Amino acid sequence: MERTGDLMKKEIQGQWWVPGQTEQIEEKGMLVYNNDGTANLTLHNDLYDGDLRMTHKIILGTSSTGEKFTLLNCQSFLDTVRLTDRMSVYKVELVFKGQHFSNVSQMNFTEYRFTFQSLNQWVNEAKFIHENDYDNRINTISYEDFEEIKLANVDGVRLSIYFAESIKERYRDEISITLNSYIRLKSEKDEINYSRFTEYYLPLLQNFFSLLMGSETYPMNIQARFLRGVTVSVSYVSEKKTEKIHTEDMTIPLKEIRVEINELLQNWFKKSDKLQPIYNLYFSTIYNDRLNLENRFLNMVQALESYHRRTYGKGETIMPKDEYEQLKSKLNDFLQAELSSDLDSYNAMRNKLSHLNETTLRHRLLYLIKTHQDIIAFLMEIDEKLIGDIVVTRNYFTHWDDKYKQKALSENDLVVATQKLEFILELCLFYEMGLSNEKIKRAFDGSIKWFQFYVLQNI
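The sequence shown maps to residues 101 to 559 in this note's numbering.
Careful: at least some of the hints might be erroneous.
Said to hold, decoys possible - For lysine-lysine, the following DSS-like pairs were computed, each having C-alpha atoms within a straight-line distance of at most 30 Å:
1) K470 x K421
2) K344 x K168
3) K355 x K370
4) K421 x K452
5) K541 x K374
6) K289 x K374
7) K505 x K470
8) K539 x K470
Derived by calculation from the structure, the hints in this document are not laboratory data. Here the structure is a predicted model, which means the values were calculated and not measured.
Turn these sequences into a full structure, and let the hints steer you where they fit.
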């Protein structure tokens with residue numbers, strides 16, 4: 101069990117300079133953290149050696165107490181010249197506390213530690229025990245020192261959950277004890293650059309936990325460690341805060357998948373190249389609560405269409421390929437004869453022939469429904485008429501052609517159809533993870549998200 105505290109003070113006095121200058125210029129100044137994870141650096145002079153610089157990729161600093169700081173992506177937004185000195189203020193995108201880095205390529209670590217909003221509830225391991233000793237007038241509150249939970253080993257990168265206690269004495273008669281769950285990502289091979297961590301590992305894990313929780317979640321409290329044990333704190337703060345999700349409201353909490361969690365994470369990472377466009381469409385939708393209904397619907401349709409194409413074959417056709425090639429040759433001869441005097445029209449029609457035999461959206465949706473019929477029949481009603489309505493609605497929202505307007509879904513029917521498409525996509529993602537049909541059924545049947553949908557479609 102580890103203990104956590106405040107990772108960073110709000111204000112840091114120190115000396116600051118830019119690495120790599122011909123003549124190192126150090127200036128006194130104050131770094132002040134903002135609530136969004138950024139910071140402001142106020143200097144009494146500017147850090148330049150001849151040319152006025154509005155931006156610095158990196159600024160280094162040492163606090164008055166000797167702590168090392170690396171400030172990344174610094175943009176000047178205030179520059180004031182006074183009688184006695186000059187004041188410059190920089191907006192700092194990210195602060196690394198604990199080490200100096202001259203460039204981004206040096207930001208390589210063997211281990212990262214971080215958490216996600218509602219991860220405590222997803223893990224749901226912490227249990228406090230309250231005991232009264234009335235004879236000696238002693239009340240005791242205790243909790244178990246939990247072992248680290250091994251999650252997976254993904255190509256030499258070990259993922260696990262560890263626990264850390266946070267104890268705060270507010271007043272003489274009040275104390276707060278919190279047991280927090282953290283993810284540990286540790287490389288058994290090469291060090292992992294911070295950019296690789298934030299662009300690959302962190303988004304995939306965020307999406308993984310968001311899907312299992314049944315609601316969006318965001319990373320918090322990132323720390324990184326070198327092989328030699330030096331810890332670097334990162335001022336990363338998620339752009340959005342979410343309400344705490346209770347364990348019983350989640351789609352799949354940890355207790356439901358403790359046995360297969362390694363396989364699920366392995367598959368999630370292994371298939372990410374193939375499924376990345378689907379991940380992007382789905383998660384960009386659920387993370388954006390301001391997205392209008394029409395675009396939400398289109399994203400779900402496009403994600404399912406792309407999923408079918410990437411998973412069940414790009415080469416699927418309406419007619420057998422050899423038969424269609426014969427038909428296409430005859431159609432091309434006909435067009436050539438009829439449009440011999442209009443070369444532009446002929447070329448346009450000939451190009452359409454190349455795509456005429458491709459599998460339609462209707463076929464792709466029906467195929468997915470048939471493939472997962474056991475689960476879908478348990479969850480919802482969806483027939484060929486609704487599939488036809490979805491195709492017409494997609495065409496209307498894509499082309500805004502009035503001939504589709506009357507038949508397109510609208511209002512509550514559109515909301516229900518969009519939610520059904522979202523559930524179908526989710527069960528496809530669970531299936532790709534490696535979850536059994538029975539666990540997928542149980543996951544949907546017990547989640548608050550499914551209950552809300554059940555109420556919605558019965559309004």
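Going through the hints against the structure:
| no. | hint | result |
| --- | --- | --- |
| 1 | K470 x K421 | 23 Å, holds |
| 2 | K344 x K168 | 34 Å, violated |
| 3 | K355 x K370 | 23 Å, holds |
| 4 | K421 x K452 | 16 Å, holds |
| 5 | K541 x K374 | 25 Å, holds |
| 6 | K289 x K374 | 25 Å, holds |
| 7 | K505 x K470 | 29 Å, holds |
| 8 | K539 x K470 | 19 Å, holds |
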